[in-house]
Structures are given as structure tokens and as C-alpha cells.
Amino acid sequence: MSDLNKLTLAAARDRLRAKDVTSVELTEACLGAIEGSGALNAFVHQTPELALERAREADVRLAKGDAPDMCGLPIGIKDLFCTKGVLSQAGSAILDGFKPEYESTVSQNLQDAGAVMLGKLNMDEFAMGSSNETSTYGDVVSPWKRGNDDANLTPGGSSGGSAAAVAADLCLAATGTDTGGSIRQPAAFVGITGIKPTYGRCSRWGVVAFASSLDQAGPMTKDVRDAAIMLEVMCGHDAKDSTSVDMAVPNFEAMLTGDIKGKKIGLPKEYRMDGMPAEIEKLWADGADMLRDAGAQIVDISLPHTKYALPAYYVIAPAEASSNLARYDGVRYGHRAKLDAGDGITEMYEKTRAEGFGHEVQRRVMIGTYVLSAGFYDAYYNRARRVRALIKRDFENVFADGVDAILTPTTPSAAFGLGEMADADPVQMYLNDVFTVTVNLAGLPGISIPAGVDKQGLPLGLQLIGRPWEEGDLLNTAYALEAAAGFVAKPAKWW
Amino acid sequence: MSIDVETAARVAKLARIKVEPEALPALAQEFSAILGFIEQLNEVDVEGVEPMTSVTPMRLKRRVDVVNDGGQQEKILANAPDAREGFFAVPKVVE
Numbered sequence: 001m002s003d004l005n006k007l008t009l010a011a012a013r014d015r016l017r018a019k020d021v022t023s024v025e026l027t028e029a030c031l032g033a034i035e036g037s038g039a040l041n042a043f044v045h046q047t048p049e050l051a052l053e054r055a056r057e058a059d060v061r062l063a064k065g066d067a068p069d070m071c072g073l074p075i076g077i078k079d080l081f082c083t084k085g086v087l088s089q090a091g092s093a094i095l096d097g098f099k100p101e102y103e104s105t106v107s108q109n110l111q112d113a114g115a116v117m118l119g120k121l122n123m124d125e126f127a128m129g130s131s132n133e134t135s136t137y138g139d140v141v142s143p144w145k146r147g148n149d150d151a152n153l154t155p156g157g158s159s160g161g162s163a164a165a166v167a168a169d170l171c172l173a174a175t176g177t178d179t180g181g182s183i184r185q186p187a188a189f190v191g192i193t194g195i196k197p198t199y200g201r202c203s204r205w206g207v208v209a210f211a212s213s214l215d216q217a218g219p220m221t222k223d224v225r226d227a228a229i230m231l232e233v234m235c236g237h238d239a240k241d242s243t244s245v246d247m248a249v250p251n252f253e254a255m256l257t258g259d260i261k262g263k264k265i266g267l268p269k270e271y272r273m274d275g276m277p278a279e280i281e282k283l284w285a286d287g288a289d290m291l292r293d294a295g296a297q298i299v300d301i302s303l304p305h306t307k308y309a310l311p312a313y314y315v316i317a318p319a320e321a322s323s324n325l326a327r328y329d330g331v332r333y334g335h336r337a338k339l340d341a342g343d344g345i346t347e348m349y350e351k352t353r354a355e356g357f358g359h360e361v362q363r364r365v366m367i368g369t370y371v372l373s374a375g376f377y378d379a380y381y382n383r384a385r386r387v388r389a390l391i392k393r394d395f396e397n398v399f400a401d402g403v404d405a406i407l408t409p410t411t412p413s414a415a416f417g418l419g420e421m422a423d424a425d426p427v428q429m430y431l432n433d434v435f436t437v438t439v440n441l442a443g444l445p446g447i448s449i450p451a452g453v454d455k456q457g458l459p460l461g462l463q464l465i466g467r468p469w470e471e472g473d474l475l476n477t478a479y480a481l482e483a484a485a486g487f488v489a490k491p492a493k494w495w
Numbered sequence: 001m002s003i004d005v006e007t008a009a010r011v012a013k014l015a016r017i018k019v020e021p022e023a024l025p026a027l028a029q030e031f032s033a034i035l036g037f038i039e040q041l042n043e044v045d046v047e048g049v050e051p052m053t054s055v056t057p058m059r060l061k062r063r064v065d066v067v068n069d070g071g072q073q074e075k076i077l078a079n080a081p082d083a084r085e086g087f088f089a090v091p092k093v094v095e
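Note that the protein sequences, when read in sequence, are chains G and P.
If you're matching positions, the first sequence starts at 1 in my numbering and goes up one per residue.
If you're matching positions, the second sequence starts at 1 in my numbering and goes up one per residue.
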């Protein structure tokens with residue numbers, strides 16, 4: 001075929017409107033690509049018939065001229081989103097066989113706009129992980145390889161299936177969710193764009209909850225324009241999520257002028273970590289030069305509480321998770337353990353949760369239980385929430401000084417090999433999120449765009465952090481950086 | 001802070017997760033490592049700082065206090081591992 005699966009959302013939209021291609025053709029191209037992608041383990045529930053049905057409906061809409069931007073565009077949906085009648089397991093065995101009777105607001109918004117769901121994408125169990133190695137469906141394998149080395153690499157996590165699928169052109173774009181970096185880190189590892197909007201922009205209704213005060217959905221796309229197009233559709237007020245903000249959603253794509261003259265971009269000195277690879281440091285400096293050349297003013301800034309973001313996160317996120325995951329009890333949905341004679345309801349809970357939750361999820365639920373338990377609530381949980389207030393204040397101070405956006409690396413390294421971190425301390429794995437987690441704690445929008453490759457040929461990402469509710473401005477700065485970086489590398493097909 | 005095996009067992013019990021006794025020492029060690037990492041928070045002066053409760057300061061919306069949902073017993077039970085006669089079935093709770 002003509003590689004229709006390789007198109008961006010914008011290019012496919014324009015060709016659909018020009019009647020140069022149909023949604024059915026686009027969808028078939030993606031279904032074909034998915035068919036041959038078993039080795040990546042990205043799509044875990046495929047819905048080809050549903051996809052073709054929606055594609056035919058989209059073609060009817062397009063023929064009538066009633067075609068919103070996403071109409072007819074085939075995308076993948078992270079398994080964390082509840083999709084009506086389609087398995088939604090959050091990558092967990094405890095939700096084995098769970099078919100929701102309802103549709104998440106974000107996936108409904110996409111469906112209403114005519115987007116075509118191809119299937120569900122693999123992810124770390126309950127979005128807890130940075131390498132997609134905690135999924136009940138098995139690891140996702142990145143489409144990238146290190147030079148001539150055949151070792152399988154991680155696509156990052158938790159939205160690893162989404163990242164691999166977009167990078168390998170199995171779909172035009174995908175949804176992700178980000179609690180501590182789960183959109184931005186995998187986007188950086190596979191050389192695509194991922195944006196986490198301001199907390200409250202996207203409804204969390206119908207998205208399986210991990211840490212409710214941190215979770216946000218966002219798009220994972222082939223470029224910044226696509227991120228603008230898809231984010232606009234995903235956003236919007238929803239009465240079913242009390243933290244969803246009632247605020248008009250601008251036309252983000254129309255804000256992509258590429259003009260960033262006079263914008264003030266901050267470089268936080270606390271993000272210059274000991275032992276940071278020289279390549280990451282160079283990438284960051286190059287990014288700053290590119291923005292300066294485009295007319296922005298680069299200033300050094302300080303976010304003094306940065307160091308405490310990860311420890312605060314590893315109190316708050318597990319605490320919220322232990323509460324949210326209390327619902328998996330073997331009563332209302334999913335897995336229930338086989339019981340022995342004489343087992344009562346407590347044994348049912350304990351066995352069900354031991355069998356259904358993987359190791360990392362169990363560990364985090366128990367850490368959360370501990371920090372919330374009597375006698376420790378103030379020492380751990382309340383202290384972490386106070387530190388969180390200080391982290392947020394750091395950003396507020398910088399923005400009050402006139403900074404428009406903050407430039408940082410997305411990750412402290414390029415993608416690592418699957419299994420390479422198996423013997424590492426859990427804290428080592430948590431360090432993957434060191435540059436992204438502050439953004440979730442402060443509720444800010446953050447975007448990762450591919451900006452270069454390391455000496456092994458692996459993609460590296462730069463992160464831009466914006467002011468709350470100013471995703472449009474943030475996307476425009478990212479658009480200017482994307483143009484200057486000119487990243488075009490693609491993984492060579494081996495799967 | 002070091003977590004002993006007894007504390008690990010108590011936390012597992014509170015979290016309603018069955019952990020075999022032989023797995024407890026390793027679990028206690030993992031908890032100790034993570035809590036050791038978290039201890040850094042003690043370095044921060046949080047005097048006079050209110051715990052953050054909301055990412056975006058906003059007033060919660062209110063709705064009229066009327067029934068706006070219900071009548072979907074079948075849908076609610078559709079995914080239950082054991083549903084009988086319109087109820088969720090569980091092992092005996094009271095003797």
C-alpha cells in the first residue's frame with residue numbers, strides 16, 4: 001500500500017477532506033501494520049471490525065462535509081481508558097475480562113469527533129512503571145534498537161504501548177496518561193511528541209484511577225501540530241469529573257505561528273544533575289540555543305525544591321493509589337481468587353489482591369497504606385503535601401517573574417534495555433521521572449518533543465513546561481523548537 | 001527508617017494483600033529502601049506551609065439534589081465474578 005499508516009493526523013485530515021483517501025483506507029493500512037507488529041506487543045486488544053464500522057461512518061460524515069478535525073483518523077487507546085464493550089484492564093490481571101458498560105469521557109470526545117479506535121494499547125500495570133515491564137500482557141518492545149545491537153529496548157512507561165505504536169506507525173496517534181511522566185518519558189524514548197495538559201483540562205471520568213490528584217490524559221503524536229489537533233478534542237469540561245475545569249478550550253492548532261520572539265524561557269539550575277550524561281547536557285544547551293536563535297530570551301532560574309519532588313511523589317502517589325485500588329476486591333468486577341473451604345470474605349480479599357496485583361502494584365499499595373496509617377499520616381503524607389505546596393510555589397514565583405516556559409531534558413538518559421533494570425533498587429527506576437514529576441505535582445502543562453539522538457542512535461527528548469492553562473502558548477514554543485531541531489530519525493523496521 | 005518483618009506483615013494485612021511469610025523479609029527490605037528515600041523530606045522546612053489539597057484552586061460545582069442516575073442493575077452486575085438474583089455474591093460475612 002502507500003504507507004497511509006505513516007501519515008500525520010494533519011496530513012491524513014487534509015487528504016480525507018481533499019477526497020484523496022478514505023477513512024476505510026487509512027484504517028485498513030493501520031490494521032495491516034498492527035497485524036504484523038506482534039513482536040512489539042503494543043496492541044493488546046484489537047478491534048478491527050469496530051474500527052472499520054467507525055471508519056465507514058466517518059466516510060459518510062466526510063462525504064456530507066460534516067467532518068471535525070479528527071474525523072476518520074485511526075488512533076490507539078491506552079488500556080487505562082474504559083471503552084464500552086471492549087476489554088479495559090489497565091494492564092492488570094485483577095481486571096481480567098473487564099468490559100465496561102460505559103465509555104470514558106476522553107475516548108467519547110474522540111469518538112464524537114469521528115476518530116476511529118483501532119484497539120487498546122499495552123501499558124504498565126495501573127500505569128505504575130517507567131519501562132512497561134509491569135504489564136500483565138508482558139513487556140512492550142520498542143521499535144528502536146541501539147546501533148547494531150539486537151537487544152530489545154524499553155519504549156518507556158507507563159504509556160509504552162502508545163509510544164511504540166505511534167513510533168512504529170501502527171496508528172496515526174494514541175492517547176496516553178501521565179501521573180509522573182508517563183506520557184513524556186515514553187515519548188522521549190521513542191522519538192515522538194507527548195503533552196500532558198494542565199490538571200483539570202481533560203476529564204478523568206472513565207480513566208482507571210492511579211493517583212487522582214496527579215493523573216491527566218493527553219495525546220501522543222508524530223509531531224506538535226498533531227498534538228494540538230488531538231489535545232483540543234480530548235479537552236473540555238465534564239460534569240462527571242469534579243476536578244474538570246469549566247473553561248473554554250482554544251483552537252490550539254491556530255496558535256501554532258512559530259513566532260516566539262520576546263518569549264522568556266527559563267533554564268532551572270536544579271535540573272543540572274550530578275552524573276548527567278554529556279549528551280543530555282549538550283542536547284539541553286542546543287535546545288536553549290535554538291530557542292534563542294528563534295528570538296526567545298533565555299534566563300537562568302531556580303526551582304529550589306526540585307530535589308524533593310520525587311520523594312514527595314513517592315508518598316502522595318502511593319497514598320492515593322492505595323485508596324483508589326481498594327475497589328479491587330473480587331466482588332464487583334475482574335478476578336476473584338479460588339477459595340479454600342472455610343475461607344471467609346477477608347481471605348477472599350487477600351487472596352484476590354495477591355493474585356491479581358503484580359509485584360510493583362502490591363509494593364506501591366502497601367507503601368501507600370503505610371504512609372496513611374495511624375501515627376504516620378502527619379509525618380509522611382501531610383509533610384509530603386506541604387512539600388508539594390512548596391514545589392508549586394517555586395513554579396509560581398518563576399512565572400510571576402515573567403518566565404513564559406521552562407526548558408529541561410525530558411529524561412536523564414536514553415531508553416535502556418528490557419530487563420536491564422531488573423536488579424536495580426526500585427528507587428533507581430523511579431529516577432526516570434526526575435525531570436517530569438515536578439510538573440504533575442504542580443499541575444502544570446508539559447510537553448516532550450524529540451530533539452536529537454545519542455551516540456547509539458537512540459532518540460532524546462526535550463521538555464517544555466508551561467504556565468497553567470496556557471497549552472496553546474506552550475505548543476507554539478514547542479512548535480518553534482521542533483522546527484529548529486529538525487528531528488527526522490525513524491526506527492528501522494525489524495519486527 | 002528500617003521496617004521490620006512484623007511491620008511489613010501488618011501493612012500487608014491492612015492493605016488486604018496476602019503475603020507468604022517467606023516473602024516478608026524481602027518486602028521489609030524494599031519498604032526500608034523506599035522509606036529511606038522518602039526520609040529526605042524531613043530536611044525541608046515546612047513551618048507555616050499548608051498541605052496542598054487542590055491543584056487548581058476552584059469551587060466545587062454543585063448540582064440540584066435530585067436522583068439523576070439508577071435503574072441499571074444489569075449493567076452494574078454484568079462484570080461481577082459471582083452475581084445471583086440481582087446481588088453480588090460473596091462468602092458468608094456473618095455467622
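There may be inaccurate statements among the hints.
What the hints assert, rightly or not - Sample of chain G residues lacking proximity to chain P, with all beta carbon distances greater than 10 Å (derived): (1) 15; (2) 39; (3) 198; (4) 326; (5) 331; (6) 334; (7) 367; (8) 392; (9) 468.
What the hints assert, rightly or not - Selected chain P positions facing chain G (in silico; Cβ < 7 Å): (10) 51; (11) 66; (12) 70.
What the hints contain is simulated information worked out from the structure, not anything from laboratory work.
Here a beta-carbon is modelled for each residue, glycine too, at the ideal position from N, C-alpha and C.
Among all the numbered hints in the text so far, which are the ones the structure does not match? Result: hints 3, 4, 5, 6, 7, 8, 9, 11, 12 break, sorted rising.
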